[in-house]
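Asker: Line by line, the protein sequences give chains A and B. Quick note, the first sequence lines up with residues 25 to 343 if you use the working numbering. Quick note, the second sequence lines up with residues 6 to 541 if you use the working numbering.
FYI, nobody ran anything at the bench for these hints, they're computed from the structure. Predicted, not measured: the structure shown is a model, and the values here were computed from it. The beta-carbon is built from N, C-alpha and C at its ideal position, and this holds for glycine as well. Don't take each hint at face value.
Coverage of chain A stretches by chain B, computed from C-beta distances (three or more under 8 Å per stretch; other residues unrestricted) [stated by the list, open to error]: (1) 138-150; (2) 165-174; (3) 227-233; (4) 278-284.
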Amino acid sequence: MALLRLVPDDTKFRFMWLRKVSFPLAIVLGLASIALFSTVGLNLGIDFKGGTIIELKTDGPADVSAIRSSLGELNLGDVQVQQFGNPDEVLVRVEEQPGGELAQQAVVANIRDVFAEQKVEFRRVEVVGPSVSEELARAGTLAVAVSLLAILIYIWVRFEWQFALGAILTTFNDVIVTIGLFVVLQLDFSLSSIAAVLTIIGYSLNDTVVVYDRIRENLRRYKKMSLSELLDLSINETLSRTTMTSLTTLLALLALWIFGGEVIRSFTLAMIFGVVIGTYSSIFLAAPFLILFNLRPDGKSSGDAGEDEGTEEPAPASA
Amino acid sequence: MLYFARWKITLIVLTVLAGVVFTLPNFFSSKTLEAWPSFLPKGQMVLGLDLQGGAYLLYEVDREDYVQKRLKTLVGDIRNALREQPRIGYTGLGVQGQSAQVRIRDLDRLDDARTRLQGLVNPLVNSVFGGQQLNEFDVTLSDDGLARFTYTEQGLEQRLGSIVQQSIEVIRRRVDEIGTTEPNIQRQGADRILVEAPGESDPERLKDLVGQTAQLTFHMVDTSMSGEQALQSRPPVGTRVLYSVDDPPVPYLVEDAPLLSGEDLVDASVSFDQRTNEPVVNFRFNTAGARKFGLITQQNVNKPFAIVLDDEVISAPVIREPITGGSGQISGNFTVEGANDLAVLLRAGALPAKLTVIEERSIGPGLGADSIEAGKLAAIIALVLVVGFMVAAYGLLGIIANIALVANLFLIFASLTILGSTLTLPGVAGIVLTMGMAVDANVLIYERIREETRNGRSVISAIDAGFSRALGTILDANITTLIAAVILFQLGSGPVRGFAVTLAVGIFTTVFSAFTFTRLLVAFWVRRRRPSTLPI
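Chain B on its own, in the form it takes in the complex (with noise of 0.2 Å):
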């Protein structure tokens, strides 16, 4: 146990200056690291965001508002369908639950009546299923007439799937706009989404940019009757009334069908208007919509049309003259934040469904740097604590214990900066607790080796004893807490993982430590001085 051939001597010496050099950068800062020569790694440990601060976000896809609003397109379609030439009658229109629905008058035409609206099913191909089709929804048409489309759930889950895409590109387009370094945007389960914005010191800026649909539409203001006039009867058929977002809220009654949507936006930016100095949100069209654009402008002259976002109009003005650049502008009583967010919700595009925030983690810069204060002042009292306990226990062995116990330290340091994997406070936890731990392997060992004595055992013989029956010991009792460390990491998430991965490396290190470092040191020291007597 206590003879190690030449080249395991230098791999257990490489090994612990590894774990030194590649804890190094972390002592530092980048700009200081910039300046070190290029060999040198400069790679250093990832602040969880409760150290560094930060905004933790999880946003699920809103499934029932979802499929109400993909039904009422349907039923669009579907009367569309029916009233082509020659036309099909039919009664009960509408969306009935979960599924749309429509009763055939013409019983004879149900054949045609099939066709058409077999017509309007997406098919999906699922490559899951081995390019095997599928369909959108499920349609029936029972012999008196009544059809209905179901969503099915495999056409459901699809759907689902590709609105959290395409919603993750739109909100990492929105939060890369406003220079959040380094967020962290990534699909969770089936239908949602996390978020994580480092240092991100406004939660609630951040949660209105990302979480907005931000469907930008058009629509004509129809003047045949005021907003107030339309909400005391009824709204002439085809339009309704949507408030604005002034305090207090005006009606407006706008036309149903928007004349143009944000998909034909191609920009948009963020100016002062000359006359009044308030910052103003210009855009501009793509050919086709200034086109369109153009066209409505000219036929609509010294009409109102309102500019609407996620059903709130935000500005009503009167179309003054034709607009035929393409590109127009909003003036809305915006902040200059205010302003400069909707230039940016405008530029990321709308998201495909609405957003709930079902799980919100932020901390703020200071409490992230007084928990760094607090952890770093806690493993330093610590680390004192326990290396002033050995030396008092075991006196040289125990300054040999210390001495791979930094090592140790160093070892989880370097593991945790070259697997990227973020230190935590909870982690902080886990690294105090090691320290703790970590000299049970060299308590097992030392107590065997003072047994082994007083057994009778010569000093090479009890040291040789001690170490090779405190091995299955140490590996028994490390496993099981790696056991629990495993299962924790399977579970946890952000924090509570830091925690597993630091007490997973943690055990590794100790049991290389203890075993490999520790024997080293003591076999050196049995070989330079040759004890007659243990000195424990």
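This is chain A alone, in the form it adopts within the complex (with noise of 0.2 Å):
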């Protein structure tokens, strides 16, 4: 039986060389990420803003534009009504109302009023107040810190420092390009996108991790060889495995958001979108960075790093 072999063997891609095309084009990505951020902005979710969300079924195709005005006329501030999933569904959203925890159960209460008498029903309703949506955005927020330091920490105490600063750089690149997406599409920006972006900083490491090993394996290997010529080999040697997995992922990761329902596609999207960008900044990022960090200067034969590992490096790798 012929296996299909997504990427053949013995491939001689010369990686390092297009860190001139990499370096740029992520920090471009990266900067024009950070610029849309604090220009246009995350179109942040109820969770982190406050305010109502209320998913309606109706009976047969909804009027949208009927259900909209009507709302209109509570006086609720930005109330954005459109269709989700089936044409009989619809997702209203209402912004947070001033006047403390109390106005925003009113809400609920009065657009429930508005289709009292219409065969409506209420599928979804959530409502956050004003001072859990504080505490989740700031949990939010040191959630993804904690993780990407716990992570360093982690990696450090397994790897070189270089690695360590090599994986979070990565990692650090990959959630601004996934914010950034976030903001280009304007993606609801909820709770389960931080538990994306989280998702997504485990898997880019996860890769990153499985090229780093490679590395660390051959510069033990071959002392003589050039850095960057190492760093080709390790990229090319486990080139097959990162698409494999890749692939398997997001083929995973497409059945769901083809077939896993409204609710969680923008949850998906992300993640798929990560799975992408995780496999190419470990493939295009994650290397290369350590040419920047001097991890064994070029030339030179036989640097100090070779020598250290072998006494002091507890890795089973090294069986």
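Can you join these two chains into the complex? Each is in its own frame, and there are hints to help.
Answerer: Given below as structure tokens:
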């Protein structure tokens, strides 16, 4: 049986040479994301901004504009009405009302009154008051920061500082670009988006660590090879695995995106994007960073790094 | 790497079998499970509110409201204390922001005043501080006669703590009465209460029932002037105007001090008025309440009194004859459900303080069912795609990886079932994601084996090297994801937490199934077939 090969054996792509393209590209993408983030801003969901979300199912196709105009009469400030999945499903978003927690609760009651005489199913009602949204925003930011830090520490313990820094910069790039995607598509940024971002952090590192593991192993094996050659070799050796894994993960996520329902669609979309960007960055950014940090000065034979590792490294990979 | 001791084989196989056995109950209805022999496990995964529908309500004790109410009572107590014989002259008694204050006029009797005022402060015993005595209020009395009562930080915290405890009990009684299955009512932080009611399809009614203070009081109606008149002029001292629940509301002039309150009730139930056939709420007082009620009705025949619930008049009947039996009836144009709910509220008692909803998430049963269907479909399609891909890429070893994947899924489901953790929609996403990432461990191993063969190793030694060299990488790669999952668990609530749990569980089962189960299967295959070339 002829087996599927995504990448032929013994590829010899010169990835290090490509860093002349990939670094500027990463910087441009990162800066663009930061610029968008600070000008346009995230489309923060009610988890972080407070407010109300109501998902309705109408009897027959929904008349979005009629719903919009009847809700407009309630004077609730910014009210968005959009079709959500099937034609008879509608999502209503109401911004946070001035006047504290009780004012948010009044919104739901008012909207229920509007539809009291129609056959409308309230499929989902979510109300987040000002105090909770503030706490969630703080907790969310903290979670992303703490997990980046925790992972930095882990990599630092397991590898050398150049690897740790490289892994964090790569991951940071992935997070920033993913947030850029949220800004560009104006996806609802909610608590589950934080979950997506954290998963992307985990996934992206997973990929990066596999490449780094191989680099570390090769550093011990080929003590005389120049660093850029050695990095090229390591990436080429792991290329088949990197693409295979990304593909199986993407297949699973695509199934989820298409069939998993409207509720988690933006969550899945963020993850799909994260897997793509994570794979890209572990190939084109993670390893080149090591050159930047002078992991093993080029041209020198048998650098100090090689000698240190043989004795100090507790990695099982050295078996 | 390819040799397994017999006990290891047994252990691995037993683990996988246990996974299957503990997962199975999830495929059957609870009815079918009842018929199973008792030695089989019957635990099923708990579905999150987003999958089975239900209401999630987070309440917060209204501190400000509580403090103001408490200060008001304190003002009353101060008045009484100073009026005791011999009276101490005072002025300016009232609530000032967060404190109550009074100015003593008889400056030469400050010491007596100090003793009386100090006597009003309830000592609180706080076990956290080793039984050290704390006061609810800080009392200051300056030489110019100004006394001020301010809530102490610890005093307020402790009061809030006991309010939360009491409220939880009241809420539990109320929620139990309306027959919600397995509600979860628990304290969150210092002053919050979480109410989760799985399957509740009418969150509005639940909110009405849980959030209502339900303080029932009986007041005499002041007949010296009508409610409208009192609104236009000024209500006489000791009375106030309350509105009725009717539409439009009718103002009633009632005496400030209640004659009786809901604390004196022992029972409440719904029946139907024989003449009008309308639902009414019957209530019964305890002995002390009954005596008081008898006395009051005796003295006030043919006068109206008001039955007041949370400052709204629900009924204002005229006392026709003394009621000595200790029971009465409220007829207030109720619907059957309204009367039922009122009876529930009266039986369960009043909340000690006002509660405010600060977060609400309710999912209708329709959406929950749709989400389950969508999740199932997505999971099956993802599985088919991944399985197909693995066979295409690795042939026979792909099939072994797929067997390991299925075992992995059983282990995930079994772990979730045993841990009793809640499966949410993001949790389903976590499982689907794990399917994609689970094969990663196998991919790492197989790619390594391919490479080792290319480097000229024999089949068995390549397989051996493949497994042992990939292990470090697999561990490193999975621990980073595990770190993210743990942090996510700390941060998240409800659905997100469900995602974190499945992700974390998935990592453990993945490492186990790739490294133990797959290796066992490969070893078994190598021993049976003794392959001379690798099929990958």
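Asker: Next step is simple, just say for each hint if it's right about the structure.
Answerer: Hint by hint, here is what the structure shows:
Counting residues of the region 138-150 of chain A whose CB lies closer than 8 Å to any CB of chain B gives 6, so the stated coverage by that chain holds, three being the minimum. By the rule of at least three residues with a Cβ nearer than 8 Å to a Cβ of chain B, the coverage given for the region 165-174 of chain A holds, with 5 such residues. For the region 227-233 of chain A, the assignment as covered by chain B holds, since 5 residues bring a beta-carbon within under 8 Å of that chain's beta-carbons and 3 suffice. With 6 residues having a Cβ less than 8 Å from any Cβ of chain B, the region 278-284 of chain A passes the three-residue criterion, so the hint holds.
Of the numbered hints stated above, none is contradicted by the structure.
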